[in-house]
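Same order as they appear, the protein sequences are chains A and B.
Reminder that position 85 of the first sequence reads as 84 in numbering that gives the first Met the number 0, one-by-one numbering, no gaps.
Reminder that position 94 of the second sequence reads as 93 in numbering that gives the first Met the number 0, one-by-one numbering, no gaps.
Please note that the accuracy of each hint is not assured.
Just so you know, same-sequence chains aren't split out, so a pair can sit in one copy or run between any two.
[Said to hold, decoys possible] Straight-line C-alpha distance at most 25 Å; calculated DSS-like pairs for lysine-lysine:
1. Lys253 - Lys19
2. Lys318 - Lys286
3. Lys185 - Lys19
4. Lys122 - Lys2
5. Lys119 - Lys286
6. Lys122 - Lys318
7. Lys321 - Lys122
8. Lys321 - Lys119
9. Lys318 - Lys119
10. Lys286 - Lys19
11. Lys180 - Lys229
12. Lys122 - Lys1
13. Lys19 - Lys321
14. Lys185 - Lys253
15. Lys318 - Lys19
16. Lys239 - Lys229
Bear in mind the hints are in silico, worked out from the structure with no lab data behind them.
Here the structure is a predicted model, which is why all the values come from computation and not from measurement.
Protein chains: 2
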Amino acid sequence: MKKVNIGLLGLGNIGTGTYKTLEMNHDLIAARSGLDLAITKILEIDTERERDITVVPEQFTQDASVIFEDPDISIVIELLGGIEPATSFMLEAMRRGKHVVTANKAAVAANYDALTTCAKENKVFFRYEASVGGGIPILNALTSVLQANDFMEVLGIVNGTTNYILTKMTDEGLPYGEVLKDAQAKGFAEADPTADVEGIDVANKLTILMALTFGNYVHPNDIPREGITKITMDDIAAAKARGNKIKLIARAAKTESGIEYSVGPMELPESHPLAGVNDEFNAIFVKGNAVDDLMFYGKGAGPLPTGSAVMGDVLSIAKHLK
Amino acid sequence: MKKVNIGLLGLGNIGTGTYKTLEMNHDLIAARSGLDLAITKILEIDTERERDITVVPEQFTQDASVIFEDPDISIVIELLGGIEPATSFMLEAMRRGKHVVTANKAAVAANYDALTTCAKENKVFFRYEASVGGGIPILNALTSVLQANDFMEVLGIVNGTTNYILTKMTDEGLPYGEVLKDAQAKGFAEADPTADVEGIDVANKLTILMALTFGNYVHPNDIPREGITKITMDDIAAAKARGNKIKLIARAAKTESGIEYSVGPMELPESHPLAGVNDEFNAIFVKGNAVDDLMFYGKGAGPLPTGSAVMGDVLSIAKHLK
Numbered sequence: 000m001k002k003v004n005i006g007l008l009g010l011g012n013i014g015t016g017t018y019k020t021l022e023m024n025h026d027l028i029a030a031r032s033g034l035d036l037a038i039t040k041i042l043e044i045d046t047e048r049e050r051d052i053t054v055v056p057e058q059f060t061q062d063a064s065v066i067f068e069d070p071d072i073s074i075v076i077e078l079l080g081g082i083e084p085a086t087s088f089m090l091e092a093m094r095r096g097k098h099v100v101t102a103n104k105a106a107v108a109a110n111y112d113a114l115t116t117c118a119k120e121n122k123v124f125f126r127y128e129a130s131v132g133g134g135i136p137i138l139n140a141l142t143s144v145l146q147a148n149d150f151m152e153v154l155g156i157v158n159g160t161t162n163y164i165l166t167k168m169t170d171e172g173l174p175y176g177e178v179l180k181d182a183q184a185k186g187f188a189e190a191d192p193t194a195d196v197e198g199i200d201v202a203n204k205l206t207i208l209m210a211l212t213f214g215n216y217v218h219p220n221d222i223p224r225e226g227i228t229k230i231t232m233d234d235i236a237a238a239k240a241r242g243n244k245i246k247l248i249a250r251a252a253k254t255e256s257g258i259e260y261s262v263g264p265m266e267l268p269e270s271h272p273l274a275g276v277n278d279e280f281n282a283i284f285v286k287g288n289a290v291d292d293l294m295f296y297g298k299g300a301g302p303l304p305t306g307s308a309v310m311g312d313v314l315s316i317a318k319h320l321k
Numbered sequence: 000m001k002k003v004n005i006g007l008l009g010l011g012n013i014g015t016g017t018y019k020t021l022e023m024n025h026d027l028i029a030a031r032s033g034l035d036l037a038i039t040k041i042l043e044i045d046t047e048r049e050r051d052i053t054v055v056p057e058q059f060t061q062d063a064s065v066i067f068e069d070p071d072i073s074i075v076i077e078l079l080g081g082i083e084p085a086t087s088f089m090l091e092a093m094r095r096g097k098h099v100v101t102a103n104k105a106a107v108a109a110n111y112d113a114l115t116t117c118a119k120e121n122k123v124f125f126r127y128e129a130s131v132g133g134g135i136p137i138l139n140a141l142t143s144v145l146q147a148n149d150f151m152e153v154l155g156i157v158n159g160t161t162n163y164i165l166t167k168m169t170d171e172g173l174p175y176g177e178v179l180k181d182a183q184a185k186g187f188a189e190a191d192p193t194a195d196v197e198g199i200d201v202a203n204k205l206t207i208l209m210a211l212t213f214g215n216y217v218h219p220n221d222i223p224r225e226g227i228t229k230i231t232m233d234d235i236a237a238a239k240a241r242g243n244k245i246k247l248i249a250r251a252a253k254t255e256s257g258i259e260y261s262v263g264p265m266e267l268p269e270s271h272p273l274a275g276v277n278d279e280f281n282a283i284f285v286k287g288n289a290v291d292d293l294m295f296y297g298k299g300a301g302p303l304p305t306g307s308a309v310m311g312d313v314l315s316i317a318k319h320l321k
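Okay, chain A solo, but in the shape it has when bound:
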């Protein structure tokens, strides 16, 4: 059996979920693929935290170059989050001939050209399925089996925190501030929720979706953007009276004058497939000129769903190494 060694940058929540996904399904993956995957080295300062996975102290390093210089490691998974040092680490790994997998939407969105160009120049794979929609396999679909389509439109509910808040406001009649506090208490929203509630996270994901559907890179800062902080109970009631639901939507569409794109609250008729996507679930709706309407629905975050997407990318690359 072909052994494939992996270096992991970051063992936080998502890193732990990724490690756990491999740990629990290692033998099944081996039986299916003939590949023995192992995360052999981990860049992480916190070596003491209780994580419910089997790691030994020898796997940890606090020096990323130990991973980049390891000739036995062929794939590097980047799960540090944030633009830097994540981007520099990914570029360095590629220059050293390592294939790279990441879940980091901020880094991919900000540095899409640099990262994809570097991958091409160094003839390595660069995959980032988990960066949009968590476990939902949307990016792979857009870049493989749907490639015979001219894409007309993409609409996404791609942030679980804001969808949870809007669902509670709509279904339970509670105002924004109250739901946000509840979500923070339950760990569904961060102490500083700005990136979620102002649509910054959604804009990162729209940048990636647009690059793959329309071949059109737009920096997330250049996407017209509105969050959900100004949505009142009156807005929700008025939408309801019109038979609509308010969702925070990433949208891009082909028009006669080019690609239109924006992030913001949108009223969807209750019959629209995205209107029934509630709580922390995500969904991406795509229209192609051959396939017509498609929707992909699932868990847009969480350690194991994200780990599923990361390990799916790793496995796809590893199959090419056989």
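Dock chain B against chain A, hints included.
Quick look at chain B alone, frame taken from chain A:
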């Protein structure tokens, strides 16, 4: 630009939709992939029918061996439907070193082992994305990016005709017989609707889904099966009173005593993602031990959506030929 020649078996509705998908998106596909795809030969008796595509008489043949023996053809698309001669043609094409793409669920379900074994022995690709869920890219997801999951359950609404009938019965309060006649008049149901309404078509698709999720081949004739012909307005009203909807479901699940599977009407709570899948739409719900709940939704039939899936498979193979 690398030229890839394709032989097409059958230019009926799906064949024409596939040809049309390539015709309208040829240049876009070439720009994206660097591949110049061309359907150079077509096995079809009816050369006169009006099809709204550009074919010249020289492309037609009535002898399949002309396609199998053409050294310039590397991919054969089988869209004849039915088990034979489709299966024999696919096996012969593979033995001649051609990669094979099909939308034929009856042939794939009946001869899954023979077809996949023959592909392996002859080191050719065999792909059949369009055989389940039409344009919905579910099979590719199951066999690539979701491969790091242990699958727990798969539930599908995979027949548009019966979903259309059940939707009209539920939403418009019309009895089965009346809706069936209306569907036949509109061309949504065939003159002999047996394969659809008795769940035979759905069983074929469940055979394929089970082979890919659980690695467990069961012949469609061995799947416990019930159609929708006995569903009364009372059944639908009783389900509604319980807050449920009746859908024709292909289901397979992992249990302590092995894989359970069946095709039949099922009551789903209105909150279940599949309950909102109406009219001729299809959807497949999958649960994995890492990714958790996922749903894929779209057009399960029709010339262009099916053409999207067929050409997606062709393109994936063609990329390997570069």
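Exercise. Which hint numbers doesn't this structure obey?
Worked result: 5 and 14
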